[in-house]
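**Student:** Sequence order for the protein chains is A and B. Once you know that position 40 of the first sequence is 40 in the numbering used here, the rest is easy, because the numbers rise by one and skip nothing. Once you know that position 38 of the second sequence is 38 in the numbering used here, the rest is easy, because the numbers rise by one and skip nothing.
Derived DSS-like pairs (lysine-lysine); straight-line CA-CA distance at most 30 angstroms:
#, chain 1, residue 1, chain 2, residue 2
1, B, Lys23, A, Lys116
2, B, Lys31, A, Lys116
3, B, Lys23, A, Lys131
4, A, Lys23, B, Lys116
5, A, Lys131, B, Lys131
6, A, Lys31, B, Lys131
7, B, Lys253, B, Lys292
8, A, Lys23, B, Lys131
Reference listing, derived: stretches of chain A covered by chain B, where coverage requires no fewer than 3 residues with Cβ under 8 angstroms from a Cβ of chain B:
#, segment
9, 99-111
10, 122-131
Keep in mind the hints are simulated off the structure, nothing from the lab. For every residue, glycine included, the Cβ atom is placed at its ideal position computed from N, Cα and C.
Here's the letter readout for the chains.
There are 2 protein chains.
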Amino acid sequence: MPSCPVPISEYERVLLAHGGGGKLSARLFEKMIRPCLSNPWLDLSHDGAMIRLEGRRIAFSTDSYVIQPIIFPGGNIGELAVNGTVNDLACCGARPMYISLGLILEEGLEMEVLWKIICSVREAADRAGVKVVTGDTKVVDRGKADRIFINTSGIGIIGEETEVSPASCRPGDKILLSGKIAEHGIAIMSTRTGLEFDSPIVSDTAPLNHMVEKIMASGAGIRVMRDPTRGGVASALNEISRSCGYRFIIREKDIPVAGAVQGACEILGLDPLYIANEGKLLLIVDPGDEQKVLKIIRADPLGKEAACIGEVLDSRDKLVEMETVIGSTRIVDMISGEQLPRIC
Amino acid sequence: MPSCPVPISEYERVLLAHGGGGKLSARLFEKMIRPCLSNPWLDLSHDGAMIRLEGRRIAFSTDSYVIQPIIFPGGNIGELAVNGTVNDLACCGARPMYISLGLILEEGLEMEVLWKIICSVREAADRAGVKVVTGDTKVVDRGKADRIFINTSGIGIIGEETEVSPASCRPGDKILLSGKIAEHGIAIMSTRTGLEFDSPIVSDTAPLNHMVEKIMASGAGIRVMRDPTRGGVASALNEISRSCGYRFIIREKDIPVAGAVQGACEILGLDPLYIANEGKLLLIVDPGDEQKVLKIIRADPLGKEAACIGEVLDSRDKLVEMETVIGSTRIVDMISGEQLPRIC
Numbered sequence: 001m002p003s004c005p006v007p008i009s010e011y012e013r014v015l016l017a018h019g020g021g022g023k024l025s026a027r028l029f030e031k032m033i034r035p036c037l038s039n040p041w042l043d044l045s046h047d048g049a050m051i052r053l054e055g056r057r058i059a060f061s062t063d064s065y066v067i068q069p070i071i072f073p074g075g076n077i078g079e080l081a082v083n084g085t086v087n088d089l090a091c092c093g094a095r096p097m098y099i100s101l102g103l104i105l106e107e108g109l110e111m112e113v114l115w116k117i118i119c120s121v122r123e124a125a126d127r128a129g130v131k132v133v134t135g136d137t138k139v140v141d142r143g144k145a146d147r148i149f150i151n152t153s154g155i156g157i158i159g160e161e162t163e164v165s166p167a168s169c170r171p172g173d174k175i176l177l178s179g180k181i182a183e184h185g186i187a188i189m190s191t192r193t194g195l196e197f198d199s200p201i202v203s204d205t206a207p208l209n210h211m212v213e214k215i216m217a218s219g220a221g222i223r224v225m226r227d228p229t230r231g232g233v234a235s236a237l238n239e240i241s242r243s244c245g246y247r248f249i250i251r252e253k254d255i256p257v258a259g260a261v262q263g264a265c266e267i268l269g270l271d272p273l274y275i276a277n278e279g280k281l282l283l284i285v286d287p288g289d290e291q292k293v294l295k296i297i298r299a300d301p302l303g304k305e306a307a308c309i310g311e312v313l314d315s316r317d318k319l320v321e322m323e324t325v326i327g328s329t330r331i332v333d334m335i336s337g338e339q340l341p342r343i344c
Numbered sequence: 001m002p003s004c005p006v007p008i009s010e011y012e013r014v015l016l017a018h019g020g021g022g023k024l025s026a027r028l029f030e031k032m033i034r035p036c037l038s039n040p041w042l043d044l045s046h047d048g049a050m051i052r053l054e055g056r057r058i059a060f061s062t063d064s065y066v067i068q069p070i071i072f073p074g075g076n077i078g079e080l081a082v083n084g085t086v087n088d089l090a091c092c093g094a095r096p097m098y099i100s101l102g103l104i105l106e107e108g109l110e111m112e113v114l115w116k117i118i119c120s121v122r123e124a125a126d127r128a129g130v131k132v133v134t135g136d137t138k139v140v141d142r143g144k145a146d147r148i149f150i151n152t153s154g155i156g157i158i159g160e161e162t163e164v165s166p167a168s169c170r171p172g173d174k175i176l177l178s179g180k181i182a183e184h185g186i187a188i189m190s191t192r193t194g195l196e197f198d199s200p201i202v203s204d205t206a207p208l209n210h211m212v213e214k215i216m217a218s219g220a221g222i223r224v225m226r227d228p229t230r231g232g233v234a235s236a237l238n239e240i241s242r243s244c245g246y247r248f249i250i251r252e253k254d255i256p257v258a259g260a261v262q263g264a265c266e267i268l269g270l271d272p273l274y275i276a277n278e279g280k281l282l283l284i285v286d287p288g289d290e291q292k293v294l295k296i297i298r299a300d301p302l303g304k305e306a307a308c309i310g311e312v313l314d315s316r317d318k319l320v321e322m323e324t325v326i327g328s329t330r331i332v333d334m335i336s337g338e339q340l341p342r343i344c
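Between the sequences and the hints, there should be enough to build the whole structure, so can you do that?
**Tutor:** What follows is the structure in structure tokens.
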């Protein structure tokens with residue numbers, strides 16, 4: 001066994017932030033997991049792997065869900081787990097087809113709660129048009145898990161012509177967002193902290209595959225798609241910028257945020273750019289196709305508030321900068337610690 | 001939401017036995033999960049789903065691993081997770097190709113332990129000839145998981161002519177086993193109970209796909225293959241018997257069990273037929289191909305002690321009976337409670 005590549009003097013033990021989708025998550029993956037398991041598919045570190053099976057292009061993705069609470073405003077862990085994997089596949093440019101369901105249950109979980117979650121899995125699968133074809137159930141003793149954890153993995157088909165990859169980004173490309181940000185994370189945090197609002201903030205958990213399919217069918221030049229979950233829009237943009245090498249600029253005034261969400265962020269001391277979304281699409285597109293793609297997204301029930309929020313700059317320094325509402329600019333870095341543990 | 005189909009007066013909460021691979025596991029799947037998620041692939045309730053993707057036959061399987069302890073005689077949770085999914089795919093008659101790796105880590109897990117486990121994942125993947133192409137890491141707060149849980153899902157390719165399914169079983173078919181049983185479960189139990197033996201009992205965790213590939217390539221008539229994990233050989237045979245409708249008979253004297261394992265079973269009050277294996281293949285084959293298949297298995301390093309242990313009877317009552325060493329017969333039922341929690 002080679003010696004452990006993450007200096008144990010620095011992090012002798014796993015921290016919550018190693019699962020937060022920010023700098024420490026990236027470090028764990030880049031310094032330990034990827035070098036150890038290295039292969040061309042994993043090295044791409046996309047939301048899912050794009051593989052070939054007897055000549056056909058397939059997307060394959062996995063995600064575990066450990067959200068707390070398991071039932072939250074706007075959804076529960078069951079539909080979240082289906083939508084999350086459907087969205088990862090869609091962001092690979094794939095048509096999601098089949099899903100697996102791995103349940104880890106804590107002894108003592110109420111059967112009615114499990115039933116509610118399984119029903120939501122079914123409803124979400126129907127809505128996305130995927131089938132749950134295989135599964136597994138494990139039970140651990142009381143106190144050794146937190147009610148229920150779910151893993152979903154998924155398979156989708158990628159068209160032969162489809163090419164979505166950060167490497168295809170070019171200066172001038174436009175950065176689009178399908179709607180208002182930070183709703184999932186703030187819905188969860190409001191529940192945990194007992195915050196109440198006049199109009200309750202609900203999770204945006206939803207399947208993006210139908211919207212993506214329409215975009216792909218239009219023939220528009222799509223460079224990259226991401227669903228900005230853990231770590232939010234800021235972390236997703238930083239990841240893409242690092243992959244393609246270019247600097248991005250985004251404009252704060254153009255980023256859609258609901259008033260209630262903005263207010264909750266101020267009360268909680270959170271930046272909406274770093275808050276998880278579970279039903280929003282972030283895209284980088286050919287500048288000539290900006291209006292065409294926005295029109296398609298806005299015609300979708302999930303994309304009414306789509307906006308162009310920025311563009312790719314002709315500078316190869318892998319930074320994301322933001323023009324603020326007061327006209328100054330600041331660097332939007334990856335999140336470093338753990339802002340919101342167990343958000344998905 | 002339809003009302004919960006498992007009467008909550010009977011089981012209001014999830015019990016450990018709902019994950020034990022026996023009667024309660026089957027009940028949870030058959031009464032709740034399968035009816036709710038019903039589709040032709042899931043309804044087959046094989047170790048994995050056999051699906052079609054643009055005309056190609058694919059096996060897709062998932063398993064979560066919650067074993068305690070995570071490092072045990074003969075292996076650790078990392079290689080167990082790879083081998084388990086490789087074996088599920090192989091038992092569908094597939095050539096395993098791609099694996100996903102979903103990690104749920106407990107805050108505070110030693111980085112060195114995680115490194116050891118990831119290295120074992122790599123080694124096991126290399127041994128089986130599969131690639132870990134996608135993954136996900138989540139961290140939960142201390143006390144909300146038990147060090148590490150792993151989900152692996154996998155994809156394999158099934159040949160066009162391959163037909164393995166319980167429905168193909170016929171009276172007279174032979175039941176074969178690739179080697180000595182109960183080693184994995186007893187290795188874990190010995191560790192947990194502090195039992196020590198002159199020659200330590202170690203887990204049999206191993207990838208069966210190379211052996212299966214040789215068997216399939218021989219053209220022998222293979223009805224069903226299973227790797228008898230949770231619930232052991234007894235539960236696997238009961239599941240197959242229920243699927244195909246026939247009665248099976250097995251002969252106790254022909255079932256390979258190591259002396260030390262037999263002794264440990266007696267001390268611990270356990271029946272080796274119900275103990276988990278992680279590197280054994282259970283097959284039902286055309287009687288004309290019995291010797292040919294045994295020869296292939298015995299030529300494999302993992303199959304030296306392969307044996308014919310019984311056959312399919314011409315009686316459609318879905319029972320498994322055993323001729324004991326003293327000449328009597330008894331019914332070998334599915335396990336009902338939870339004999340060995342968190343064995344895989």
